[in-house]
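Okay, here's what each chain looks like letter by letter:
4 protein chains.
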Amino acid sequence: MKKIGIMTSGGDAPGMNAAIRAVARRAMSYGFEVYGIKYGYAGLVAGDLFKMERSSVGDIITRGGTILYSARYPEFANEEGQLKGIEQLKKFGIDALVVIGGDGSYHGALRLTEHGYNAVGLPGTIDNDIPYTDFTIGFDTAVNTVVESIDKIRDTAASHERTFVIEVMGRGAGDIALWAGVAGGADEIIVPERPFEIKRIAQNIQSLRARGKKHTIVVLAEGVMHAQEFMDQLKQYGDFDARSTVLGHVQRGGSPTARDRVLASKMGAYAVDLLKAGKGGIAIGMEKNQLTYHQMTDLFEGRHRPDLDLYEINKTLAK
Amino acid sequence: MKKIGIMTSGGDAPGMNAAIRAVARRAMSYGFEVYGIKYGYAGLVAGDLFKMERSSVGDIITRGGTILYSARYPEFANEEGQLKGIEQLKKFGIDALVVIGGDGSYHGALRLTEHGYNAVGLPGTIDNDIPYTDFTIGFDTAVNTVVESIDKIRDTAASHERTFVIEVMGRGAGDIALWAGVAGGADEIIVPERPFEIKRIAQNIQSLRARGKKHTIVVLAEGVMHAQEFMDQLKQYGDFDARSTVLGHVQRGGSPTARDRVLASKMGAYAVDLLKAGKGGIAIGMEKNQLTYHQMTDLFEGRHRPDLDLYEINKTLAK
Amino acid sequence: MKKIGIMTSGGDAPGMNAAIRAVARRAMSYGFEVYGIKYGYAGLVAGDLFKMERSSVGDIITRGGTILYSARYPEFANEEGQLKGIEQLKKFGIDALVVIGGDGSYHGALRLTEHGYNAVGLPGTIDNDIPYTDFTIGFDTAVNTVVESIDKIRDTAASHERTFVIEVMGRGAGDIALWAGVAGGADEIIVPERPFEIKRIAQNIQSLRARGKKHTIVVLAEGVMHAQEFMDQLKQYGDFDARSTVLGHVQRGGSPTARDRVLASKMGAYAVDLLKAGKGGIAIGMEKNQLTYHQMTDLFEGRHRPDLDLYEINKTLAK
Amino acid sequence: MKKIGIMTSGGDAPGMNAAIRAVARRAMSYGFEVYGIKYGYAGLVAGDLFKMERSSVGDIITRGGTILYSARYPEFANEEGQLKGIEQLKKFGIDALVVIGGDGSYHGALRLTEHGYNAVGLPGTIDNDIPYTDFTIGFDTAVNTVVESIDKIRDTAASHERTFVIEVMGRGAGDIALWAGVAGGADEIIVPERPFEIKRIAQNIQSLRARGKKHTIVVLAEGVMHAQEFMDQLKQYGDFDARSTVLGHVQRGGSPTARDRVLASKMGAYAVDLLKAGKGGIAIGMEKNQLTYHQMTDLFEGRHRPDLDLYEINKTLAK
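Residue numbers (the working numbering), protein chains in the order written: chain A, 1 to 319; chain B, 1 to 319; chain C, 1 to 319; chain D, 1 to 319.
These are computed hints drawn from the structure, not numbers from a lab.
Among these hints, one or two may not hold up.
Listed next, the in silico EDC-like pairs over lysine to aspartate or glutamate satisfying Cα-Cα at most 16 Å (straight line) [claimed, not checked]: (1) D/K288 with B/D307; (2) B/K213 with B/D241; (3) C/K213 with A/E53; (4) D/K2 with D/D273; (5) C/K276 with C/E33; (6) A/K319 with C/D241; (7) A/K319 with C/E53; (8) C/K214 with A/D59; (9) D/K288 with B/D134; (10) D/K213 with B/D307; (11) B/K214 with D/D59; (12) D/K3 with D/E87; (13) C/K213 with C/E193.
Some chain C residues flagged as far from chain D (calculated, every beta-carbon gap over 12 Å) [stated by the list, open to error]: (14) A13; (15) P14; (16) G64; (17) E87; (18) F92; (19) I126; (20) D155; (21) F164; (22) K199; (23) Q233; (24) V246; (25) Q251; (26) G254; (27) G278; (28) D309.
Beta carbons are placed, not taken as given, at the ideal position from N, Cα and C, and that holds for glycine.
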């Protein structure tokens, strides 16, 4: 193996740049050439590649987003798209790839591996919704961004004795809501993985108020419903002087936390080592603080499990 | 004069606590007793007052919100409400007051002054929409919170080459949008004080994209319209892969910036000095970096003027 | 068991308040009374205890430091001191304790357990130097504080093409230096657990400069030597236009990160559950993402091991 | 005029990039070509110039440091150096310059003006020590960085009831100490512009402690003496369990605050307008919130005056 390609695919996440840096630097330390593939699979098919130097990744460890840009490209599901991509790999003499993104982007990586181009996947998403890894690159940063927002909202909530419903990202997963909810001292955390009864929540808010609590904060995972819908349901049970905030895309950006930078650096270096060892069609994870890898095919069947102990713990801490 | 009361009224703002601290400490340095009035005029009428010690304001300079809480209390517009408030002032032996809040809260302060209880107003609001002051307490913090959000959104906007419409607070005023827009490097700033043509904006976004700009950011003042409404209008002129974010109440909270803490400290100390000098019915401002004061009656007629030079400058810097 | 005491001992760390909150709220959820013991063992001996209510821990999850204050109190090593402490426990009717601090503070906890008062230890220190836990409460926050500082210093280092030697805390352990070094993109990381050759480092800096790198950053663990001493040694091998910064006590403070708040919440709740189950003389850890506990006696013999893979990885990423 | 050069000189400051962006974009909006001069006067003499495009300044508004790098170059004081610089200006066809830096860097700018190449100076330094401007570019960011550090140190100071002496930058000026001291709630602020008596400070600390204050914080301007020297003097009057922290170069870096970005944007645009109007040998200021300019010769004689009202106010607020 002489040349490695790197791409970021799907939604961007803080720490992707740290991963790009780690892959590039580690590969160069073995004497490999490194090519950056822009805009994920779309760029691969279009031949939007460039040779990376050490300086190409200088100082990017501090930056959110991805210097390689990202794009969704469903066409790569078709063999036609894949063959176009392989043409480009041949043209640039690339032997193997690292794909940083959600598990959706692993399908393309598996196809390329099947065509003889080893590809290793790195879990890059704020949603933490990928099987066989305890944490994804970007999750820790997103959670801290949400917690900082909750801390700010608490200031004003306390000053006016209000109830705030804060909608956070996570797609179908409740991880961001669970971690940010516990860390933010939320009174209620609503996640897709657990049923909730709006009536009980309304009663809890009322009893907290009756007990003199200055503010009540509900953290709502977007996978459950939208904040406005939740507010409408809540209103059926009384007036809580409630406000809602949809944190939105701020959760996707920002300089990555130390945790995300270290996770991305370890995973990026490991990906290159695995490619060097001739491996492909695998995805890297961090399980029980150990670097691991699994067949991508296993991931497609596997299910991510959030840390629901946080859900139980919060019941006793918030009350 | 022997006893001073302090209250915060209307929407809370970062730096109100720094102002409370300054008023209390300055007053105590003159040997005055200080009483905290909770929940603004509602608390005054209800007799929710407590004697403050030096330690009552210890370490609050770093905190957002207001330790005195705030509330809207339209009933204070009626003489009946005012007389109830004055009863409480008599009961606690309070001679004079400092009211920290928006100019709406100055009306009550003026009434109290007319009844013989000198009251001085401090401009505390993130909106910067008060006449006769260049800056209000809380504005600088809110602008920095917005700019940090824009910086985060830019990361993801650039990674996906998207257009973002960011709705910011400010009620009827464009100040937050103007400052945060320029500081955030926005491509377009939409404020109530200037007309805008949605078609021209759509064309500008398209030309910026055509020129290869990776992202376009529009900062929209809530006083113009809601982000969703703006998005709908924009869509009429093409698909911009646009997203909108309503920053919401995070803008009201957070630890105050150095600028807001210093502004609050100076104004708070000055308010006590003016009460000591027998003044009342006046509101404090910071104009051209100088502490000033004006009759509250003048404020009710005056109009706040945002710094529209920022609007003109941004046209040449964003393009 | 009816009454639980909580204290923080030794150096303070961000997240101690989140742990205090978790212990108090969890205990109250079981119907236990909770007493806060101020100033660690010194306060215990002096009888500086107070009954905590739910509101005693309201909103403290966001704050650095410890609301119970901390103090070093070597006298507690003597039986005389211990008996005085036990007198106070009897007087207040306290059955069991949670001690949050470094492993030094576990000795006193073990003595109390031996005297029939079950005590559970929580690892609270920024240094991460406690055996049988992968992470201590406060470590993640300290690392992020250091990384933010490195990011700032990089700005000026790059502008002037300078070498910076940044001394970080950690006492005898290199954990903060390792994590912050990798996350901060340090060119060299110097830790007590690994030998270093000043000459090789000097040559590396020179070769990096020769290759056009704009800045070089050395992260130095305080356990190795002081920054000034390092600078003096470095100067022997040439002029690097080097500057040094000793980050100091900023590393001990600040609002805890989400990670530290969650870690503290989980450990705090678990400590109460273990006391409820009649356990004592044990210390809680988080190993491989699982809550664990070990006999304090084992901790006194055990040795903490930092993640030295980070040391190896950084060699290939920095170069 | 057709071509403008831009350079940054002297110590770097946050917001210099925002100023570079403003100068470049404004100039391009008038149809001028813009050249970046690297490493200040050293780069000018060496001919280290490059043509800037709109994209050259894309997204730099958020970054600390200076993309043009900076360097000290005393040789430019000699006519020989100046003539070499002018050769380069001729070679690149540059008619006029903007120099961003401290007033030291204005001397070179004045020489170039005298040689027929109009140069306008922008005050870029964290020290705020330039005459005829209330604020310099970088000052607000530095002050906020210091205040965040004080807030963190207060956490640990309060937990251990300690005295902290925090040495801040500012060279000969006390501005950073004054603003950060008031905003940080310092108990004592020591600046070069005011005499201080170590004995009185020691007594004040003791009386604050006697009154039960949990921590005492002294902010010391580097222009007075070094923290260690201050500590030694303090120790003569008793044991205060004091610690010192030298904040160091973190104060020079970081993403600029909104205030610094807006100040830099306004000044940068104004500089181009003045060059367009044929002006040279002048320096721009922001006085009483108005853009102003003065002859550089006046600046060399003028003296900067810090806001010493802050010194007086703090006496009543801290006590």
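How the hints compare with the structure:
1. Distance hint between D/K288 and B/D307 is fulfilled; the C-alpha atoms sit about 14 Å from each other, no more than 16 Å.
2. Proposed proximity of B/K213 and B/D241 is supported: the alpha carbons are some 14 Å apart, at most 16 Å.
3. Straight-line distance between C-alpha atoms of C/K213 and A/E53 comes to about 12 Å, which keeps the hinted pair within the 16 Å bound.
4. Proposed proximity of D/K2 and D/D273 is supported: the alpha carbons are some 13 Å apart, at most 16 Å.
5. Between C/K276 and C/E33 the CA atoms are separated by roughly 13 Å; this keeps the pair inside 16 Å, and the hint holds.
6. Among the hinted pairs, A/K319 with C/D241 is inconsistent with the structure: their alpha-carbon atoms are about 56 Å apart, more than 16 Å.
7. A hinted pair counts as satisfied when its Cα atoms are at most 16 Å apart, and A/K319 with C/E53 qualifies at roughly 12 Å.
8. For the hint pairing C/K214 with A/D59, the CA-to-CA distance comes to about 10 Å; that is within 16 Å, so the pair holds.
9. Distance restraint check for D/K288 and B/D134: the Cα-Cα separation of roughly 10 Å lies within the 16 Å cut-off, and the hinted pair is therefore satisfied.
10. Taking the CA atoms of D/K213 and B/D307, the gap is near 43 Å; set against the 16 Å cutoff, the hint is violated.
11. Straight-line distance between C-alpha atoms of B/K214 and D/D59 comes to about 10 Å, which keeps the hinted pair within the 16 Å bound.
12. Between D/K3 and D/E87, the direct Cα distance comes to roughly 15 Å. Compliance with the 16 Å bound is thereby established for this hinted pair.
13. Using a Cα cut-off of 16 Å, the hinted pair C/K213 and C/E193 is violated, with the two alpha carbons roughly 28 Å apart.
14. With a cut of 12 Å on Cβ distances, C/A13 falls inside the contact zone with chain D, its closest approach being about 9 Å.
15. In this structure C/P14 is not separated from chain D by more than 12 Å, as the shortest Cβ-Cβ distance comes to only about 7 Å.
16. A Cβ of chain D approaches the Cβ of C/G64 within 12 Å, the least distance being about 3 Å, so the stated non-interface status is violated.
17. Distance to chain D confirms C/E87 as a non-interface residue, since its nearest Cβ pair spans about 25 Å, more than 12 Å.
18. The Cβ of C/F92 lies farther than 12 Å from every Cβ of chain D, with a closest approach of about 23 Å, so its non-interface assignment holds.
19. Non-interface call for C/I126 relative to chain D: violated, since the shortest CB-CB distance, roughly 10 Å, does not exceed 12 Å.
20. At roughly 3 Å from the closest C-beta of chain D, the C-beta of C/D155 falls inside 12 Å, breaking its exclusion from the interface.
21. Distance check for C/F164 against chain D: the nearest CB is about 7 Å away, which does not clear 12 Å, and the non-interface claim fails.
22. At roughly 26 Å, the least C-beta separation between C/K199 and chain D is larger than 12 Å, which holds for a residue marked as non-interface.
23. The beta carbon of C/Q233 is kept farther than 12 Å from every beta carbon of chain D, the shortest such distance being approximately 20 Å.
24. In this structure C/V246 is not separated from chain D by more than 12 Å, as the shortest Cβ-Cβ distance comes to only about 6 Å.
25. The claim that C/Q251 is not at the interface with chain D is violated, since a C-beta of that chain comes within 12 Å of its own (minimum 8 Å).
26. C/G254, annotated as away from the interface, has a beta carbon of chain D within 12 Å; the closest lies near 4 Å.
27. At the 12 Å boundary, the C-beta of C/G278 stays outside the reach of chain D, the nearest C-beta of that chain being 32 Å off.
28. Listed as a non-interface residue, C/D309 keeps its Cβ farther than 12 Å from every Cβ of chain D; the least gap is roughly 28 Å.
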